Amino acid sequence: RSGEMAKLTQLIDNDVFRAYATYTTIVLLKMMLMSLVTAYFRMTRKAFVNPEDTASFGKGESAKKYLRTDPDVERVRRGHLNDLENIVPFLGIGLLYALSGPELYTALLHFRIFAGARIAHTFAYLIPLPQPGRALSWAVGYAVTISMAYKVLTTALYL
Amino acid sequence: RSGEMAKLTQLIDNDVFRAYATYTTIVLLKMMLMSLVTAYFRMTRKAFVNPEDTASFGKGESAKKYLRTDPDVERVRRGHLNDLENIVPFLGIGLLYALSGPELYTALLHFRIFAGARIAHTFAYLIPLPQPGRALSWAVGYAVTISMAYKVLTTALYL
Amino acid sequence: RSGEMAKLTQLIDNDVFRAYATYTTIVLLKMMLMSLVTAYFRMTRKAFVNPEDTASFGKGESAKKYLRTDPDVERVRRGHLNDLENIVPFLGIGLLYALSGPELYTALLHFRIFAGARIAHTFAYLIPLPQPGRALSWAVGYAVTISMAYKVLTTALYL
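Protein chains in written order, with this note's numbering: chain C, 86 to 244; chain W, 86 to 244; chain U, 86 to 244.
Since the hints were made in silico from the structure, they are not lab data. Quantities reported herein were computed from a predicted structural model and do not represent experimental measurements. Mixed in with the good hints there might be a few duds.
Repeated chains share a single entry, so a pair holds when one copy, or any two copies, can fit it.
[As the list claims (entries may be wrong)] Distance condition first, Cα-Cα at most 20 Å in a straight line; then the derived DMTMM-like pairs of lysine to aspartate or glutamate:
#1 Lys115 / Asp138
#2 Lys236 / Asp98
#3 Lys236 / Asp100
#4 Lys144 / Glu159
#5 Lys150 / Asp138
#6 Lys115 / Glu188
#7 Lys131 / Asp157
#8 Lys115 / Glu146
#9 Lys144 / Glu188
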């Protein structure tokens, strides 16, 4: 079985694939960070959605008042959902793009701009920056994904 | 390193994998389109959720009235979330299915029906079509994914 | 082309990759189950969100009263979204981890604990269990994903 493992390792040894692995892990970790930011705001703003989450604040009405929405919590949640909507396409299309044999330089350019755009988008959403800051950072990540999709379809199209 | 790249390219040269790459890219692009449709409805219906998005409409109360929900915007957002809930399983299970050595004809049948069902689901949701139009298109995509999961588990099961 | 197919099959023949395929399919199927639970609660609680979904209950006001939110439906939907937020990172980081050449024993430990944690999280959310039941099951899955991300970045880092 060591022969098979060697072949698997070759995939992770390929520079384009390593770059994909690196930037995909970075943007997924960044997305996971949104869960911690949501939890932080829920606890500091005392704004919860599940009755069992407020049980430590006492029983009945004294705990019930913490079952409410908070603008900061909702803002982080919208940023998190926007990550899902944009990082899922990157995850899938980026993998296929990495396997479609792009030049290393071109691939790195795509991955770096996408990761930078999504990190910028998070800052633009959470600070928040005035528009079109958030719109532009979103559009850049979107355009990079479309560009990779174009490469995948022109390389691999089989309908 | 050209030897490694050649091996990578073999993956994208495999017909089943090319079909997976093609249909996955199509359904992910379709899902990404939902972001544009949401933005279109937010702007034409003037229904926003972030205060910074309405700043161009003026200050204070004149802009605040555009911070509201709109039925058309919410409908597109539900369609988008339904895409996420169903296309993420296709992305993962479909990849493993493509690597599990299915017949090309069978694989194409799965991928084509899934993509068709998700496109039909979007039309059924946005027009909207009377039920059970949307329910049926959802169920067809769901059943295709279950069928691929069955093939993956019978081929690769290692608990 | 049978040579290429053989190479593809070697991927699914690798024990670590087979384990990844198995547990990924299991957690994705578990996530898909949330759609059925949502539909079940929507129908038994008669709580719908789309007007076309209540058409079978009659016309006008008699059907309109079923366009409402229900605590049980909303609970399942939150569990479903939490699945998306946590299983998407597992899908991507887990794949890269499986390709980074981990020991079979270590890989199985990661995959089994993650799958167990997510199944426990679903029960904790839907029953619901008192906290910190849900928080702990969430944190365990989160920590496993971070551990896999660490392995990927130390093996494949290419910035």
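Taking the hints in turn, this is what the structure says about them:
In the homo-oligomer, the alpha carbons of Lys115 and Asp138 never lie at most 20 Å apart, since the shortest distance is 25 Å inside one protomer and 24 Å across protomers. For the homomeric pair Lys236 and Asp98, the shortest alpha-carbon distance between copies (14 Å) is at most 20 Å, but the shortest distance inside one copy (22 Å) is not. With identical chains, the CA atoms of Lys236 and Asp100 are at most 20 Å apart both within one copy (18 Å) and between copies (17 Å). Neither within a single protomer nor between protomers do Lys144 and Glu159 lie at most 20 Å apart by alpha-carbon distance, with minima of 25 Å and 22 Å respectively.
For a Cα distance limit of 20 Å, the shortest separation of Lys150 from Asp138 inside one copy, 12 Å, qualifies, whereas the shortest one across copies, 30 Å, does not. In this assembly of identical chains, the alpha carbons of Lys115 and Glu188 never lie at most 20 Å apart, being 26 Å within a copy and 27 Å across copies at closest. Taking identical chains as interchangeable, the C-alpha atoms of Lys131 and Asp157 lie at most 20 Å apart only when both belong to the same chain, with a minimum of 11 Å there against 22 Å between chains. For the identical chains of this complex, Lys115 and Glu146 are neighbours neither inside a copy (37 Å) nor across copies (36 Å), given an alpha-carbon limit of 20 Å.
Taking the closest pair of Cα atoms, Lys144 and Glu188 never come within 20 Å of each other, the shortest separation being 62 Å inside a single copy and 49 Å across copies.
Checked against the numbered hints above, the structure violates hints 1, 4, 6, 8 and 9; every other hint is satisfied.
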